[in-house]
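Number of protein chains: 2
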Amino acid sequence: MQLATEDDLSGYLIAPDPTAARLTRAVTGVDHDGQQTEISVVEERPLTIFLNGQEIVTAMTIGDYPEYLALGFLRNQGMLRDGETVTGVDYDEDLETVVVRTDGQTTYEEKLKKKTRTSGCAVGTVFGDMMEGLEEVHLPQVQVKTSDLYALASRINRTPSLYLEAGAIHGTVLCQGAQPLVYMEDVGRHNAVDKIAGWMLSEKVSAADKTLYTTGRLTSEMVIKTALMGIPVLASRSGFTAWGVEIAREVGLTLIGRMRGRRFVCLSGEERLLRDADPGAVPEEDRKHRRKGGAA
Amino acid sequence: MQLATEDDLSGYLIAPDPTAARLTRAVTGVDHDGQQTEISVVEERPLTIFLNGQEIVTAMTIGDYPEYLALGFLRNQGMLRDGETVTGVDYDEDLETVVVRTDGQTTYEEKLKKKTRTSGCAVGTVFGDMMEGLEEVHLPQVQVKTSDLYALASRINRTPSLYLEAGAIHGTVLCQGAQPLVYMEDVGRHNAVDKIAGWMLSEKVSAADKTLYTTGRLTSEMVIKTALMGIPVLASRSGFTAWGVEIAREVGLTLIGRMRGRRFVCLSGEERLLRDADPGAVPEEDRKHRRKGGAA
Chain A
1 MQLATEDDLS
11 GYLIAPDPTA
21 ARLTRAVTGV
31 DHDGQQTEIS
41 VVEERPLTIF
51 LNGQEIVTAM
61 TIGDYPEYLA
71 LGFLRNQGML
81 RDGETVTGVD
91 YDEDLETVVV
101 RTDGQTTYEE
111 KLKKKTRTSG
121 CAVGTVFGDM
131 MEGLEEVHLP
141 QVQVKTSDLY
151 ALASRINRTP
161 SLYLEAGAIH
171 GTVLCQGAQP
181 LVYMEDVGRH
191 NAVDKIAGWM
201 LSEKVSAADK
211 TLYTTGRLTS
221 EMVIKTALMG
231 IPVLASRSGF
241 TAWGVEIARE
251 VGLTLIGRMR
261 GRRFVCLSGE
271 ERLLRDADPG
281 AVPEEDRKHR
291 RKGGAA
Chain B
1 MQLATEDDLS
11 GYLIAPDPTA
21 ARLTRAVTGV
31 DHDGQQTEIS
41 VVEERPLTIF
51 LNGQEIVTAM
61 TIGDYPEYLA
71 LGFLRNQGML
81 RDGETVTGVD
91 YDEDLETVVV
101 RTDGQTTYEE
111 KLKKKTRTSG
121 CAVGTVFGDM
131 MEGLEEVHLP
141 QVQVKTSDLY
151 ALASRINRTP
161 SLYLEAGAIH
171 GTVLCQGAQP
181 LVYMEDVGRH
191 NAVDKIAGWM
201 LSEKVSAADK
211 TLYTTGRLTS
221 EMVIKTALMG
231 IPVLASRSGF
241 TAWGVEIARE
251 VGLTLIGRMR
261 GRRFVCLSGE
271 ERLLRDADPG
281 AVPEEDRKHR
291 RKGGAA
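As you go down the protein sequences, you meet chains A and B in turn. First residue of the first sequence: 1, per UniProt numbering; consecutive thereafter. First residue of the second sequence: 1, per UniProt numbering; consecutive thereafter.
Next comes chain A alone, as it looks inside the complex (with noise of 0.2 Å):
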């Protein structure tokens, strides 16, 4: 694993501690040459949301930020709306549930009508219609340097992480610019995602400026939820379904899917894209931080 530098945690607001010992738990195994050998193994914890009085599921998560997690599992599933207020949010570690508190009514009854599994890693409990609220979407034509771009791939995965030190997790990645700024981690790539929607609602962070970077592939449900979130730009090393790129064509998001190294693909939103970086210049990515694919 890389040890952190004071360079590689510079102007990070939240970055992921491969340290804290609830994360992860050392697991004694037998290779294959017959070997014991003991290996750091994320952990995965439930913790039940509620809304007011009501359940409303439970995640499967690594288990930091609950909070987060639960705001924005509320704010992506439509159940938190603008102008609500919330009055309180109540983490309970021994009973694994968070609680969310507002002032208002809320929609929760008809969506639990509705579920819908959605796909791969991008997978969660997706209540009411998935589309809901899209054709409202009006991203901002926000210039993007590929420089930028590439910056952020490098500057992400040299940042120490439980990826890079137990993997069988994804992260995603809320940038600036070429700075990352909040990086979560998670065992569901949804809920990394969720933390992110969590902590911009918590800090009243704006989105129009920002890119999403994230290590999972760009399914339908990874696109509606950075739409929805007013985020322009999401960008993965990972590939991307056909109703991915479609739904990001629908509502004008740049989708840039498979960068590694020099190489990236631009799926959607081309003409945000600034090519002002040269990718000959561009080194490849060094084997040491090359994603292993742990957490496929």
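Hint data in this document are derived by calculation from the structure and do not stem from the laboratory. Being a predicted model, the structure only gives us computed values, none of them experimental. Hints should not be assumed to be uniformly reliable.
In this list, chains with the same sequence are indistinguishable; a pair is considered to hold if it fits within one copy or across any two.
To be verified - Within a straight-line C-alpha distance of at most 20 Å, the following computed SDA-like cross-link-like pairs (lysine to any residue) qualify:
1) K145 with D17
2) K204 with T28
3) K204 with R260
4) K145 with E93
5) K145 with V30
6) K145 with D33
7) K145 with R25
8) K145 with A281
9) K204 with Q176
10) K145 with Q36
11) K145 with Q35
12) K145 with G34
Assemble chain B onto chain A, guided by the hints.
The following block gives chain B in isolation, referenced to the frame of chain A:
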């Protein structure tokens, strides 16, 4: 992509069909050099599953074997019990629905009350208590040759698949000895496992002498599904979570992770392994077939 040869597909009962028109789509993007590029991308479609008169869930799926997916999903959720007779499975491509009909009473009302969102790629909606039924699981003490495990990993890696064609997809393979039998792929690996469970249910295939191989992570849901299906061995080229390992040990499942080339680590059920292969004689994965984590 590797072209099919007689040898690649010999012995398969169901193998991937990377050429099937409905499963992939050509998507045009612009690459890092500003060149237009056409990429074969996997589809992602909604499929709404009904049990008798009741809508249960909408799954996002690549769209093949909808009947097996519906049967396996309901079975793995405990909504179809032993002895319950399935009187019909009706798929409507236009409506994107599958209706499973049974002669008996079903337990979905109580199940629908509780929803759990599970981890990472294994994610899906789980109704009722995730652990329900695990205490009755008794997995047979079969012997597993490491030579068979190595042969399976190599065979599966060389089998033409949507993964090799388009990436961003998961594979799960039901195997017997050194023979892969049924190789299912899907955008969500929970779907791939459910399709295998549905096939086993339809074909009344015994689980006791089988091994399940997956490209994805060994999370709690994958381990629980495998155990409930009665399959004593679960192997993956990816990593694992602490809870996944814990459950495998509780139910006595042989769990093998990080299986790449000659390497693997056995986390549980080591006593089933017959170490008849010399790891030193096992070739490393050839770069062409090394999984690129595209389905992360």
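So, going through the hints one by one against the coordinates:
1. K145 with D17: The answer is neither: 29 Å in one copy and 40 Å across copies each exceed 20 Å.
2. K204 with T28: neither (43 Å within a copy, 37 Å between copies)
3. K204 with R260: Neither, since 32 Å and 45 Å both go past 20 Å.
4. K145 with E93: neither (42 Å within a copy, 43 Å between copies)
5. K145 with V30: Between. Shortest inter-copy distance 15 Å satisfies the 20 Å Cα cut-off; intra-copy 47 Å does not.
6. K145 with D33: Between copies only: 14 Å across, 48 Å inside.
7. K145 with R25: Result: close neither inside a copy nor across copies, 40 Å intra and 29 Å inter.
8. K145 with A281: Intra 15 Å, inter 49 Å, cutoff 20 Å: intra-copy only.
9. K204 with Q176: within (15 Å within a copy, 55 Å between copies)
10. K145 with Q36: Close across copies (19 Å), not inside one copy (48 Å); limit 20 Å.
11. K145 with Q35: Only across copies: K145 and Q35 sit 17 Å apart there, 49 Å inside one copy, limit 20 Å.
12. K145 with G34: between (50 Å within a copy, 14 Å between copies)
Violated hints, in rising order: 1, 2, 3, 4 and 7; the structure is consistent with all others.
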